[in-house]
Amino acid sequence: MNPTPSVNLFELLQKQIWGDPIFFVLASLVLISALAVVLQKNLVRAGFTLIGCFGALALVYFALGAELVAASQILIYAVGITLVVIFAIMLLSGTMDNADDINPATKEDGQETNLFKKYAGKIAAFVLPVLMFILISYSYIGLSSSLTPSPPYPQARMQGIVDYINMARAKAQMIPTLERVGEIMLSEQILAFELVSILLLIAFVGAIVLSKRKV
Amino acid sequence: MEENKFELNVFFKRVLAISLGTSIFVLFWITVVLQATVLAKYLTLGAALFCIGIYGIFKSNSVLKTLICMEILFNAAILNLITFARFTDVIFVRGQMFSLFVMAIAAAEAALGLALVIAYYRMSKNISVAKLNHLQG
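Quick mapping for you: the protein sequence lines, in order, are chains G and E. Converting from the first sequence to the working numbering requires adding 994 to each position, the first position being numbered 1. Converting from the second sequence to the working numbering requires adding 15 to each position, the first position being numbered 1.
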């Protein structure tokens, strides 16, 4: 029914990059800085690289049309949480993440923790990506087939029918999402809003109490 | 002889880390190109971030690194929420509102977790994950 066109991977890559260069740049920034955070041994450097990761993610949110979330990402994550983490790293003396070289705990306790860490890292690195990619592709197939049973646009098959329709709808009503988010948050979800404020109050009082206590 | 062995070990571990990073990167772009839709691109970015965070949590040796990687996990979840809000719930963008709630709870979690780490460090002068089981007695 649907003859699949012969696909050249290189042409597809070119089409992807020139079709959405912002995504290419931003995703590279996000992935490289996240990998640098994870693979960095010096914890202070990892904390400062986290600012770049969260800033690039804020730009991704902005590209997705979520202005309020982008602004609060910068305010909460790129400034607040990162600085708290950096101050905690500076307060504690263990600034180096000696995962590979020196590990006195495993030498004392035997081989158990060492084995766990080895295999857990390998599982996370190799099995999880494959699982997640399969899951995403299946979810995409299910979504597109449920929303559009018979694709009428042959030129839009490359880009995806769902995205085509949604982009058209979004272009038709290009209202800023800020006011809609505020309306829903303060009318429909007012209970959750107040509960979150109480939770934040309790958490910060608890944090002060925990870190001030002289043990 | 032993020094030579040790250096080889470190070298192989570095090679493994670099190849892991590049393989995640290449896998990411291959899936982006193969799926070739806007929705799937952003979802793949979220999945790659999630995998990086999971890898860091399992591989890290200090509690602070684990907390940092948990922030990366939260951001992957928020990215998925915003993507679905953008492409499936165009009129009432509830995903953005929910991602704001997630951010607030992540801030609370970070503050409490760091306070716990500082309290534990005052007690035992040590924040290694492998030694955290000495808290019980």
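Don't read these hints as lab results, they were simulated from the structure. Since this is a predicted model, take the numbers as computed values, not measurements. Idealized CB from N, CA, C, for every residue including glycine. Mixed in with the good hints there might be a few duds.
Unchecked claim - Computed beta-carbon distance windows for the label pairs:
id	chain 1	residue 1	chain 2	residue 2	range
1	E	I106	G	V1199	17 to 23 Å
2	E	I33	G	L1189	51 to 57 Å
3	G	S1022	E	K140	18 to 24 Å
4	E	S38	G	E1177	41 to 47 Å
5	G	I1026	E	K146	19 to 25 Å
6	G	I1196	E	V30	32 to 38 Å
7	E	L31	G	L1172	43 to 49 Å
8	E	I106	G	G1200	36 to 42 Å
9	E	S34	G	E1173	43 to 49 Å
What the hints assert, rightly or not - Derived lysine-lysine pairs resembling DSS-like cross-links, with alpha carbons at most 27 Å apart:
id	chain 1	residue 1	chain 2	residue 2
10	E	K140	G	K1206
11	G	K1206	E	K146
12	E	K140	G	K1035
13	E	K28	E	K146
14	G	K1206	E	K28
15	E	K146	G	K1035
Hint check results:
1. Roughly 39 Å separates the CB atoms of I106 (chain E) and V1199 (chain G), a value that falls outside the hinted 17 to 23 Å.
2. Between I33 (chain E) and L1189 (chain G), the C-beta spacing of about 45 Å breaks the proposed range 51 to 57 Å.
3. For S1022 (chain G) and K140 (chain E), the Cβ-Cβ distance of about 41 Å falls outside the hinted range of 18 to 24 Å, so the restraint is violated.
4. Range check, S38 (chain E) to E1177 (chain G): about 45 Å between beta-carbon atoms, so the 41 to 47 Å window is met.
5. The beta-carbon spacing between I1026 (chain G) and K146 (chain E), approximately 32 Å, falls outside the hinted interval of 19 to 25 Å.
6. Taken as a hint, the range 32 to 38 Å is violated for the pair I1196 (chain G) and V30 (chain E), whose Cβ atoms sit roughly 47 Å apart.
7. Roughly 45 Å separates the CB atoms of L31 (chain E) and L1172 (chain G), a value that falls within the hinted 43 to 49 Å.
8. Look at I106 (chain E) against G1200 (chain G): about 39 Å separates their beta carbons, and that is inside 36 to 42 Å.
9. Checked against the given bound of 43 to 49 Å, the beta carbons of S34 (chain E) and E1173 (chain G), roughly 48 Å apart, stay inside it.
10. Between K140 (chain E) and K1206 (chain G) the CA atoms are separated by roughly 16 Å; this keeps the pair inside 27 Å, and the hint holds.
11. With a C-alpha separation of about 23 Å, the suggested pairing of K1206 (chain G) with K146 (chain E) holds against the 27 Å cut-off.
12. This hinted pair checks out: K140 (chain E) and K1035 (chain G) have alpha carbons roughly 20 Å apart, not beyond 27 Å.
13. Between K28 (chain E) and K146 (chain E) the alpha-carbon distance is near 23 Å, which keeps this suggested pair within the 27 Å criterion.
14. With a C-alpha separation of about 40 Å, the suggested pairing of K1206 (chain G) with K28 (chain E) is violated against the 27 Å cut-off.
15. Between K146 (chain E) and K1035 (chain G) the alpha-carbon distance is near 19 Å, which keeps this suggested pair within the 27 Å criterion.
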